[in-house]
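Going by mature numbering (1 follows the signal peptide of the UniProt record, and there is no 0), the letters in the sequence shown line up with residues -23 to -1, 1 to 168, in that order.
It is worth saying that the hints were derived from the structure and are not from the lab.
Just so it is clear, CB atoms sit at the ideal spot from N, CA and C, and this is done for glycine as well.
Where hints are given, some of them may not hold.
What the hints assert, rightly or not - DEER-style ranges, computed between Cβ atoms:
no.	residue 1	residue 2	range
1	136	80	30 to 38 Å
2	75	159	18 to 26 Å
3	57	78	53 to 61 Å
Stated by the list, open to error - Pairs of lysine-lysine, DSS-like flavour, derived with a Cα cap of 25 Å:
no.	residue 1	residue 2
4	120	70
5	98	120
6	70	98
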Amino acid sequence: MTRLPSFLTTLLLLPLAFTNVASIPAIIAARGTDTNSEISSVETNFTSEALYAVSPRFQTREPNSDPRLSKRLENQCETFSTADVQDVEDAFKYLYNEIGNTECSIREEDVTQGKLKKKVKFGTALVELGLEGGVEYTQSLCKDVGLTVQWIFTNCNVNGQVGGSGAANGNGDLLVAVTNVDLDDDVAQSL
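Sequences are here, hints too, so could you generate the full structure?
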């Protein structure tokens, strides 16, 4: 049995039937902000080019600007030397879980003739620490180094082989590289 709407409900909804929906603004400006007409003109002049344009205040600084204000290193995948993904995951677990709350640090003296003394080996995986150019000393929690290793094995896994590099999580001065131990001829020193 179909129930008809009550007379009272019909009377309450009747004014809505005659309202021009197009006259209701999509955006209602708050006091002290742009008017609806100003907002509408922005909406109609908005293009995909404007959407993807980088605001000048967010563009990167010039190369000779203050280095503390610029990102130094993008995480990247590398294929010239890769390690087994399980070995890299084991290195991550060691760095994050076992020594995660200890300090992983590196000094200029730890880098001799291009060879790093600060490294961790697990099976075929070699995790090495490095310094951003011009930095004499830096440190991070080992779990932050581990998070970069995690990014590498998550994003750089090709058929079970992993290789890559990036900055330690939250520290652009501490470089982290994951390669194959075959590139290393020194005995590893624990971080």
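Checklist entry - Range hint 53 to 61 Å: satisfied by the CB atoms of residue 57 and residue 78? => result Distance hint for residue 57, residue 78 is violated at roughly 33 Å.
Next on the checklist: Does the beta carbon distance between residue 75 and residue 159 stay inside 18 to 26 Å, or does it fall outside?
Outcome noted: Hint holds: Cβ distance 25 Å, inside 18 to 26 Å.
Item to check | Pairwise hint evaluation, residue 98 against residue 70, where the allowed Cα distance is 25 Å at most | outcome: This hinted pair holds, its Cα atoms lying about 12 Å apart.
Checklist entry - For the pair supplied as a hint, residue 98 and residue 120, is the alpha-carbon distance within the 25 Å limit? => result holds, 16 Å
Item to check | Pair hint outcome, residue 120 versus residue 70 [Cα-Cα no greater than 25 Å] | outcome: holds, 9 Å
Checklist entry - So does residue 136 sit 30 to 38 Å from residue 80, Cβ to Cβ? => result For residue 80 against residue 136, whose Cβ atoms are near 35 Å apart, the range 30 to 38 Å holds.
When each numbered hint is compared with the structure, a violation occurs for hint 3 only.
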